[in-house]
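Novice: Listed in order, the protein sequences are those of chains X and G. Residue 63 in my numbering sits at position 63 of the first sequence, and the numbers go up by one each step. Plus 1000 on top of the position in the second sequence (first one is 1) and you've got my numbering.
Don't take every hint at face value.
[What the hints assert, rightly or not] On the chain X side, residues computed to face chain G include the following (Cβ under 7 angstroms):
| # | residue |
| --- | --- |
| 1 | 71 |
| 2 | 79 |
| 3 | 144 |
| 4 | 149 |
| 5 | 150 |
| 6 | 152 |
| 7 | 159 |
| 8 | 161 |
| 9 | 162 |
| 10 | 171 |
| 11 | 242 |
| 12 | 243 |
Please keep in mind that the hints were generated in silico from the structure rather than gathered at the bench. All figures in this text were calculated on a predicted structure; none of them were measured in a lab. Glycine included, C-beta positions come from ideal geometry on N, C-alpha and C.
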Amino acid sequence: MTSSRLRNFTEPALTALLFFIAWELACRIFQIPEFVLPTPLRTIAALFKDWNLIWPNAEQTLITTLIGFCISVVFGMALGILVGSSAFLNRCLSPLLVAFNSVPKVAVVPVLVLWFGIGTVPAVLTAFVLSFFPITVNVAAGVAATDRELIDVLRSLGASRWDVILKAGIPRSLPYFFASLKIAITLAFVGSVIAETVASNNGIGYLMLSASAAFKIPLVFASLLFIGFLGVSMYAITAFLETRLTAWNTHPADQTTFAVGG
Amino acid sequence: MKSIPASRKGANVTPLRSQHPEDLPRDEVRPLIEIDGVSLTYGSEHSSVLALHDFSLKVAKGEFAAIVGPSGCGKSTFLKLASGLRRPTAGTVTVANQTVDKPLKIVGMAFQNAALMPWRTCLENVMLPFEVVQPHRDRRRTDYVLHREKAVALLASVGLADAISRYPAQLSGGMQQRVALCRSLVHEPELLLVDEPFAALDAFTREELWDVLQGLHDQRRFTVVLVTHDLTEAVYLADTVHVLSARPGRIIHSESIAIQRPRAARDRFVPEFANVVLSLRSKIGAVRGHVS
């Protein structure tokens, strides 16, 4: 148990290290100029040097991401429960949801800026629109996967529709829900950074844009590296919650998680 | 083959029942389940399947009825009708003197698939009816200890005293099916509807669970309708065995089983038992032959 847990940590860490070594070697062997691709050592140096610049912007991005993500969780779960528990709503809403998801979200940001001005609000909303879809689709799939016979048992006991959702549908959908959170949190980061790049005066997206305009390429990569680190951390937290709260689910590999991007 | 009214056959099996219906209050003699001329059509107008046609059946209070028939003959459909999960296209379903037009609350159901909640322990699974069925539901907080005691006692009576805090995934198929039976009985329903509950189990476990079900029925005297394709199971457990025709399902023969209760494994190996099984087998054989 302990050794397998240790392996779960050491193996990905070693893989990441190998990646950085390969990156470093590639830069040195092919003598890639720093303004094209800085070496990882140079990037990390920039991360420490410009920490006072990176951290306040990263904090801004983290907060907008988390707010957008929280709205996604509430909205995505509610919509998922509705769509998953009613064949009628599923028929009505599915095409609309798919159409909505097909729209590239970058294209939506200018509209959001038009409505809400430059700043935090468009970033939060972009994070939200990008991340709610996987939650909705997965929760709907989970609720719809409720055992028919369990529903019959409940209904024969006099359970109302809402009872069935509450007692069987929602617990059944939790493994799907947590699986989708891991996708949703990374998409929420994508959303807020996209919005910051297009229309914001702070945040990592803005920092990267202004750093590349000033040819501070190591700073651009340091920002990228840090946002990647934040994404992995959030992913790890949701994965931890998943294993703790759905320990009863003995076949986590059985279910498909619907991933989407945009 | 002419159908024999089930209620009369049931009366023969339980001699305590009065021969003079007018001597007793009406609901004492009226069968618990009365199904009269029921048809049920599945699907839309264009591609409909007639599952049951002109289906009539009576099951007396406290009787153990079994329904056997070829696969796909509408056995499970019948259970959905009796529990109110489906409404008939034609005819009437009456249970406990009430026309069934919505899911009943006096039934317990169990299926081939145990259909337990994997996120709940055995005990929590068995406690489920108390959280849903009225009037227990309104008293679920004040009566929690009482409910819990009932659930624990029932689990203990089927040999699961040590498993109450385990999760379904940690139990064998036979144990899961025991939990499902407990869940269907814990709120003391008048009517137990079971759909091939032992079909997925190995032979030894199945025979063990026959005796578990028989024991519970002896103790509590609820009414049972068991749908099965296992003739030995039907004859061993039931007071009356009803044979269904091929689709559209209709009762073509009812046989009351006169073997003394409580029944034990050795009763399954006497010639009388074999004869009953054989005669039912030939009835089903005829139906199947008719289809193919």
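Novice: Report holds or violated for the interface hint on residue 71 of chain X, using the least CB-CB distance to chain G and a cut-off of 7 angstroms.
Specialist: 27 angstroms, violated
Novice: Would you check whether residue 149 of chain X satisfies its interface hint, that is, whether its CB is within less than 7 angstroms of any CB in chain G?
Specialist: 4 angstroms, holds
Novice: For the hint on residue 159 of chain X, does the least C-beta distance to chain G fall short of 7 angstroms?
Specialist: 5 angstroms, holds
Novice: Grab the minimum C-beta distance from residue 152 of chain X to chain G and call the hint holds if it beats 7 angstroms, violated otherwise.
Specialist: Holds, because the Cβ-Cβ distance from residue 152 of chain X to chain G comes to roughly 6 angstroms (cut-off 7 angstroms).
Novice: Quick check on residue 150 of chain X please, does its C-beta sit within 7 angstroms of some C-beta on chain G?
Specialist: Given a least distance of 4 angstroms, the restraint on residue 150 of chain X holds.
Novice: Checking hints one by one. Is residue 144 of chain X an interface residue toward chain G, by the C-beta closer than 7 angstroms rule?
Specialist: Where the cut-off is 7 angstroms and the nearest Cβ of chain G is about 16 angstroms from residue 144 of chain X, the hint is violated.
Novice: For the restraint on residue 242 of chain X, tell me whether the closest CB of chain G is nearer than 7 angstroms.
Specialist: 14 angstroms, violated
Novice: Against chain G, run the beta carbon of residue 79 of chain X and see if the smallest gap drops under 7 angstroms.
Specialist: 23 angstroms, violated
Novice: So, as I understand it, the hint says residue 161 of chain X touches chain G; can you test that by seeing if any CB pair is closer than 7 angstroms?
Specialist: 11 angstroms, violated
Novice: Can residue 171 of chain X be said to touch chain G, with a Cβ gap under 7 angstroms?
Specialist: Given a least distance of 5 angstroms, the restraint on residue 171 of chain X holds.
Novice: Residue 162 of chain X was flagged as interface toward chain G. Is the shortest Cβ-Cβ separation under 7 angstroms?
Specialist: 11 angstroms, violated
Novice: Let me know if the C-beta of residue 243 of chain X comes in closer than 7 angstroms to any C-beta of chain G, holds or violated.
Specialist: Given a least distance of 14 angstroms, the restraint on residue 243 of chain X is violated.
Checked against the numbered hints above, the structure violates hints 1, 2, 3, 8, 9, 11, 12; every other hint is satisfied.
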